[in-house]
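Colleague: Sequence:
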Amino acid sequence: MREEQTMGNLAAEIDPMAGTLVEWRRDFHRHPELAFEEERTSAVIRAFLESLGIEVRTCGRTGLRGVLRGGRPGRTVALRADMDALPVAE
1 MREEQTMGNL AAEIDPMAGT LVEWRRDFHR HPELAFEEER TSAVIRAFLE
51 SLGIEVRTCG RTGLRGVLRG GRPGRTVALR ADMDALPVAE
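With the first letter of the sequence shown counted as 1, position 57 gets the number 57 in the numbering used here; the numbers rise by one all the way through.
Think of the hints as simulated: they come from the structure by calculation, not from any bench.
Do not rely on the hints blindly, as some may be mistaken.
Pairwise CB distance ranges, derived in the manner of DEER restraints [what the hints assert, rightly or not]:
no. : residue 1 : residue 2 : range
1   : E90       : R65       : 27 to 33 Å
2   : G53       : V22       : 22 to 28 Å
3   : R72       : A43       : 28 to 34 Å
4   : G19       : G53       : 20 to 26 Å
5   : P73       : R46       : 27 to 33 Å
6   : A35       : V56       : 15 to 21 Å
7   : E90       : E13       : 30 to 36 Å
8   : R26       : T76       : 28 to 34 Å
9   : R26       : G74       : 33 to 39 Å
Heads up, the beta-carbon is just placed ideally off N, CA and C, and yes, glycines get one too.
Kindly produce the complete structure, drawing on both the sequences and the hints.
Modeller: Following this line, the structure appears as structure tokens:
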């Protein structure tokens, strides 16, 4: 499959979720949590991953890993994101 096809397929899957993703971002910004205190944020993300049938493992105090197992051998892709807030005045 060509890269353009793959990106097109990915966009087609993500586009219907755009509204939900924007709402999550707004919700997380309304409830900021500093590093190692992201209890609420972690719970929201865990619930979503589990609703998709994704195995969730904890790492550290509030970190999460969603584990997807493919049906074929080969390379693995990892995505990483921070979920803590920074203590800044706006």
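Colleague: All hints, please: hold or fail.
Modeller: Hint check results:
1. E90 <-> R65: 27 to 33 Å: holds (31 Å)
2. G53 <-> V22: 22 to 28 Å: About 24 Å separates the Cβ atoms of G53 and V22, which means 22 to 28 Å holds.
3. R72 <-> A43: 28 to 34 Å: holds (33 Å)
4. G19 <-> G53: 20 to 26 Å: Holds: the Cβ-Cβ distance is about 22 Å, inside 20 to 26 Å.
5. P73 <-> R46: 27 to 33 Å: At 28 Å between Cβs, range holds.
6. A35 <-> V56: 15 to 21 Å: Holds, at about 20 Å.
7. E90 <-> E13: 30 to 36 Å: holds (34 Å)
8. R26 <-> T76: 28 to 34 Å: This hint holds: roughly 32 Å between Cβ atoms.
9. R26 <-> G74: 33 to 39 Å: Holds: the Cβ-Cβ distance is about 37 Å, inside 33 to 39 Å.
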